[in-house]
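Using the sequences and the accompanying hints, generate a full structural model.
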Amino acid sequence: MAVVELEHITKTYPGMQTPAVDDVMLTIDHGEFMVLLGPSGCGKTTTLRMIAGLESISSGTLRIDGEVMNRVPAKDRDIAMVFQSYALYPHMTVGKNLAFGLRRRRTPAPEIKRRVEATAEMLGLSDLLDRKPFALSGGQRQRVALGRAIVRDPKVFLFDEPLSNLDATLRVYTRNELIKQYRRLGTTMIYVTHDQVEAMTMGTQVCVMNQGRVVQAGKPLEVYRDPADTFVASFIGNPPTNLIEAEVVAGEGGVEARLGATRIPIPGYTESDLAQLPGRQVIFGIRPEDMYLARPASEVNSRYGALPMEVISVEPLGAETLLVLGAPGIGKDVIARLGRETAARVGETLEVYLDLQALHLFDPKTTRKLPRSGVSARRDTVAGARRSERPDVRTEGT
Amino acid sequence: MRRVIVQSALLSALAAYTAFAAGPFLWIAIMSFRTTSEISADPYALPDTFHWWKYPEAWFNSNYETYFWNSTQVMVVSVVLLSILGAMAAHCLARYKFPGNRLVFFLIFSAIILPPQITIIGVFQLLVEYGLYNSLVGLTLVYISMQLPLTVYILEGFFARLPQDLFDAARLDGYSDFEIFWRITLPIGLPAIATTVILNMIYIWNEFLFAVVLLSDDSKRTLPLGIQRFLGDHLEDTGMLATGLMIAVIPIIVIYVFFSEKMIQGMTAGAVK
Numbered sequence: 001m002a003v004v005e006l007e008h009i010t011k012t013y014p015g016m017q018t019p020a021v022d023d024v025m026l027t028i029d030h031g032e033f034m035v036l037l038g039p040s041g042c043g044k045t046t047t048l049r050m051i052a053g054l055e056s057i058s059s060g061t062l063r064i065d066g067e068v069m070n071r072v073p074a075k076d077r078d079i080a081m082v083f084q085s086y087a088l089y090p091h092m093t094v095g096k097n098l099a100f101g102l103r104r105r106r107t108p109a110p111e112i113k114r115r116v117e118a119t120a121e122m123l124g125l126s127d128l129l130d131r132k133p134f135a136l137s138g139g140q141r142q143r144v145a146l147g148r149a150i151v152r153d154p155k156v157f158l159f160d161e162p163l164s165n166l167d168a169t170l171r172v173y174t175r176n177e178l179i180k181q182y183r184r185l186g187t188t189m190i191y192v193t194h195d196q197v198e199a200m201t202m203g204t205q206v207c208v209m210n211q212g213r214v215v216q217a218g219k220p221l222e223v224y225r226d227p228a229d230t231f232v233a234s235f236i237g238n239p240p241t242n243l244i245e246a247e248v249v250a251g252e253g254g255v256e257a258r259l260g261a262t263r264i265p266i267p268g269y270t271e272s273d274l275a276q277l278p279g280r281q282v283i284f285g286i287r288p289e290d291m292y293l294a295r296p297a298s299e300v301n302s303r304y305g306a307l308p309m310e311v312i313s314v315e316p317l318g319a320e321t322l323l324v325l326g327a328p329g330i331g332k333d334v335i336a337r338l339g340r341e342t343a344a345r346v347g348e349t350l351e352v353y354l355d356l357q358a359l360h361l362f363d364p365k366t367t368r369k370l371p372r373s374g375v376s377a378r379r380d381t382v383a384g385a386r387r388s389e390r391p392d393v394r395t396e397g398t
Numbered sequence: 001m002r003r004v005i006v007q008s009a010l011l012s013a014l015a016a017y018t019a020f021a022a023g024p025f026l027w028i029a030i031m032s033f034r035t036t037s038e039i040s041a042d043p044y045a046l047p048d049t050f051h052w053w054k055y056p057e058a059w060f061n062s063n064y065e066t067y068f069w070n071s072t073q074v075m076v077v078s079v080v081l082l083s084i085l086g087a088m089a090a091h092c093l094a095r096y097k098f099p100g101n102r103l104v105f106f107l108i109f110s111a112i113i114l115p116p117q118i119t120i121i122g123v124f125q126l127l128v129e130y131g132l133y134n135s136l137v138g139l140t141l142v143y144i145s146m147q148l149p150l151t152v153y154i155l156e157g158f159f160a161r162l163p164q165d166l167f168d169a170a171r172l173d174g175y176s177d178f179e180i181f182w183r184i185t186l187p188i189g190l191p192a193i194a195t196t197v198i199l200n201m202i203y204i205w206n207e208f209l210f211a212v213v214l215l216s217d218d219s220k221r222t223l224p225l226g227i228q229r230f231l232g233d234h235l236e237d238t239g240m241l242a243t244g245l246m247i248a249v250i251p252i253i254v255i256y257v258f259f260s261e262k263m264i265q266g267m268t269a270g271a272v273k
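Order-wise, the sequence lines are chains A and B.
My numbering applies: residue 1 is where the first sequence begins, and numbers increase by one.
My numbering applies: residue 1 is where the second sequence begins, and numbers increase by one.
Source of the hints: derived by calculation from the structure; they are not laboratory data.
Don't take each hint at face value.
[What the hints assert, rightly or not] Result set (SDA-like, lysine to any residue): computed pairs, CA atoms no more than 20 Å apart in a straight line:
| hint | chain 1 | residue 1 | chain 2 | residue 2 |
| --- | --- | --- | --- | --- |
| 1 | A | K96 | B | L141 |
| 2 | A | K96 | B | A160 |
| 3 | A | K75 | B | R95 |
| 4 | A | K113 | A | D153 |
| 5 | A | K369 | A | P288 |
| 6 | A | K132 | B | L186 |
| 7 | A | K96 | B | M88 |
| 8 | A | K96 | B | E179 |
| 9 | A | K75 | A | S56 |
| 10 | A | K96 | A | Q140 |
| 11 | A | K155 | A | E32 |
| 12 | A | K132 | B | L166 |
| 13 | B | K97 | A | T12 |
| 14 | B | K97 | A | R49 |
| 15 | A | K365 | A | L243 |
| 16 | A | K155 | B | G174 |
| 17 | A | K75 | B | K220 |
| 18 | A | K75 | B | Q164 |
| 19 | A | K96 | B | L190 |
| 20 | A | K96 | B | R171 |
| 21 | A | K155 | A | P288 |
| 22 | A | K75 | B | L190 |
| 23 | B | K220 | B | L141 |
| 24 | A | K132 | B | R183 |
| 25 | B | K97 | A | P14 |
| 26 | A | K75 | A | E5 |
| 27 | A | K96 | B | G174 |
| 28 | B | K97 | A | M16 |
| 29 | A | K132 | A | D153 |
| 30 | A | K96 | A | P133 |
| 31 | B | K97 | B | L141 |
| 32 | A | K180 | A | P133 |
| 33 | A | K219 | A | M16 |
| 34 | A | K96 | B | K220 |
| 35 | B | K97 | A | I57 |
| 36 | A | K132 | B | L190 |
[To be verified] Which chain B residues face chain A? A few, computed with CB under 10 Å, are given here:
| hint | residue |
| --- | --- |
| 37 | A29 |
| 38 | D165 |
| 39 | L166 |
| 40 | F167 |
Backbone N, C-alpha and C define an ideal beta-carbon position, used for all residues, glycine too.
See the structure below:
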């Protein structure tokens, strides 16, 4: 296990004006499973390769267990990596692939044999040791790639999108296997992916990157529930957060947001929070699962804001139903995630209830989330307790 | 019906081309068992008697043994050095980004387009100046320099297609640059290397122009020059000429039969992802 610290890490390729990785500050604690999440080209793989020593660091300091690693060769960092393409040596058997790294370190032959056999046993590869990679399935190759890293017993594991070449079923299975191995080994792991499901289910910490910069880092549910900007809000979550341009206006009970022709109160925000917004414009963010077709009777009215919207399309997915909604003055379609028994017709106008304690406001210029200075949301406890009631269920005739 | 017609036409074309390509070879093989007088009487007839004695006659009495071993020495040393040097150069050009990488590759590649006739005089002068004229060492060096561009070109194309992840994984495992070349690039690149080995073997074994210009002693002649001995000013010993050609061709056929599969792998590697 090790602590990995990235201090102002920057990578600029020769001839390029824009850095590929720009001033990344990140600490991965002992035994942490850190997921670097972001779209293609955001710099997450470059960051991983700099930690591995496969790319040079243009500026900044990389430390592993307090020791500066900038000039330390990759082979001396005690790091093992699982590549997207598995990187299995095609001319060697599975057994030789597993042993390859140990041979170079002059590990005694009996020790190599013991570790290879133990790792093969752990990953279900014992019967495949004499096969070559071309005779293995995708899942088997993935396990060999993982085994080659495990057998080295490194301080840090690095994963570069290891599941992206697998089909959906195998991906779910292998993801669970990786989680199992993480729990068994407890080693510090850094995992790169563009798949938010992997990030949410595997990581103890998630670091969202965009255009070479760290946008937000934290526990997966924290990042999900409290996105730092519109990018995180729209990147994490499927369907993504609805981001609606709105105008801030003064209301009877406080500040309100005008969405089309309707005014919605925004609890937790005061005039002073929003006074600096140019033209009083704001981006109103609400997740699809925080929208309902009926307000729970036990909840206070002030918890929910009502918005009349027209149904544009209905997408029954089996386990849930997605409604695509629109309203005059709201420039884009909004998606609501409702229960599987939801019945709605295209063209119908519905009263949609928004959980105001789950809404986010973003500055349209900086895209950053506007902090609340008013009453705290306390939505995690309340929303979590109420989630099972499914207030959005509306059957035919209701 | 249409399928039958198309297949018949294809088969006919294949048969015609086979006859066109293999016919002369078969004719020479037949002539190698006939005497010159028999050939003069009827060039295309089958042998009445198989004159097997012509082969040991050529080998022992016409100095073919010496020519054969000269050719073998030059070919083996040239091909071994070409494979090692070519593979190393190709690996560096394919794997390392350094200033001038593409310029170096272009300069090497552009040498392929130069026909040997352009360079022969300069090469002759160089060898004379360095005391390598009329020596197998000099001829070997010339063959290596002539074939290195093509070798590097073929191998660089193959090595460049190898995934970078393999080399990154080897670096993380602790292997040095040379060890990565020796343990990863060479074993995986065997099909391409086999291709260059065959191509170089065939070229060097059959090469005549540089050999005839750069060698003068009979004891240093290679096989193509030895065959030429049967072409006199006034007389052409067609029978022995055919026998000599067969002795020269048989090793190449044997090598090709054993290595052709690897050659096809090397030429088509990377064609399909």
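Verification of the supplied hints:
{"no.": "1", "hint": "K96/A with L141/B", "in the structure": "39 Å, violated"}
{"no.": "2", "hint": "K96/A with A160/B", "in the structure": "24 Å, violated"}
{"no.": "3", "hint": "K75/A with R95/B", "in the structure": "19 Å, holds"}
{"no.": "4", "hint": "K113/A with D153/A", "in the structure": "14 Å, holds"}
{"no.": "5", "hint": "K369/A with P288/A", "in the structure": "18 Å, holds"}
{"no.": "6", "hint": "K132/A with L186/B", "in the structure": "17 Å, holds"}
{"no.": "7", "hint": "K96/A with M88/B", "in the structure": "25 Å, violated"}
{"no.": "8", "hint": "K96/A with E179/B", "in the structure": "16 Å, holds"}
{"no.": "9", "hint": "K75/A with S56/A", "in the structure": "14 Å, holds"}
{"no.": "10", "hint": "K96/A with Q140/A", "in the structure": "15 Å, holds"}
{"no.": "11", "hint": "K155/A with E32/A", "in the structure": "12 Å, holds"}
{"no.": "12", "hint": "K132/A with L166/B", "in the structure": "15 Å, holds"}
{"no.": "13", "hint": "K97/B with T12/A", "in the structure": "16 Å, holds"}
{"no.": "14", "hint": "K97/B with R49/A", "in the structure": "17 Å, holds"}
{"no.": "15", "hint": "K365/A with L243/A", "in the structure": "14 Å, holds"}
{"no.": "16", "hint": "K155/A with G174/B", "in the structure": "15 Å, holds"}
{"no.": "17", "hint": "K75/A with K220/B", "in the structure": "52 Å, violated"}
{"no.": "18", "hint": "K75/A with Q164/B", "in the structure": "16 Å, holds"}
{"no.": "19", "hint": "K96/A with L190/B", "in the structure": "19 Å, holds"}
{"no.": "20", "hint": "K96/A with R171/B", "in the structure": "16 Å, holds"}
{"no.": "21", "hint": "K155/A with P288/A", "in the structure": "41 Å, violated"}
{"no.": "22", "hint": "K75/A with L190/B", "in the structure": "27 Å, violated"}
{"no.": "23", "hint": "K220/B with L141/B", "in the structure": "15 Å, holds"}
{"no.": "24", "hint": "K132/A with R183/B", "in the structure": "16 Å, holds"}
{"no.": "25", "hint": "K97/B with P14/A", "in the structure": "12 Å, holds"}
{"no.": "26", "hint": "K75/A with E5/A", "in the structure": "19 Å, holds"}
{"no.": "27", "hint": "K96/A with G174/B", "in the structure": "15 Å, holds"}
{"no.": "28", "hint": "K97/B with M16/A", "in the structure": "16 Å, holds"}
{"no.": "29", "hint": "K132/A with D153/A", "in the structure": "23 Å, violated"}
{"no.": "30", "hint": "K96/A with P133/A", "in the structure": "11 Å, holds"}
{"no.": "31", "hint": "K97/B with L141/B", "in the structure": "29 Å, violated"}
{"no.": "32", "hint": "K180/A with P133/A", "in the structure": "24 Å, violated"}
{"no.": "33", "hint": "K219/A with M16/A", "in the structure": "33 Å, violated"}
{"no.": "34", "hint": "K96/A with K220/B", "in the structure": "48 Å, violated"}
{"no.": "35", "hint": "K97/B with I57/A", "in the structure": "17 Å, holds"}
{"no.": "36", "hint": "K132/A with L190/B", "in the structure": "16 Å, holds"}
{"no.": "37", "hint": "A29", "in the structure": "40 Å, violated"}
{"no.": "38", "hint": "D165", "in the structure": "4 Å, holds"}
{"no.": "39", "hint": "L166", "in the structure": "5 Å, holds"}
{"no.": "40", "hint": "F167", "in the structure": "9 Å, holds"}
Checked against the numbered hints above, the structure breaks hints 1, 2, 7, 17, 21, 22, 29, 31, 32, 33, 34 and 37 and satisfies the rest.
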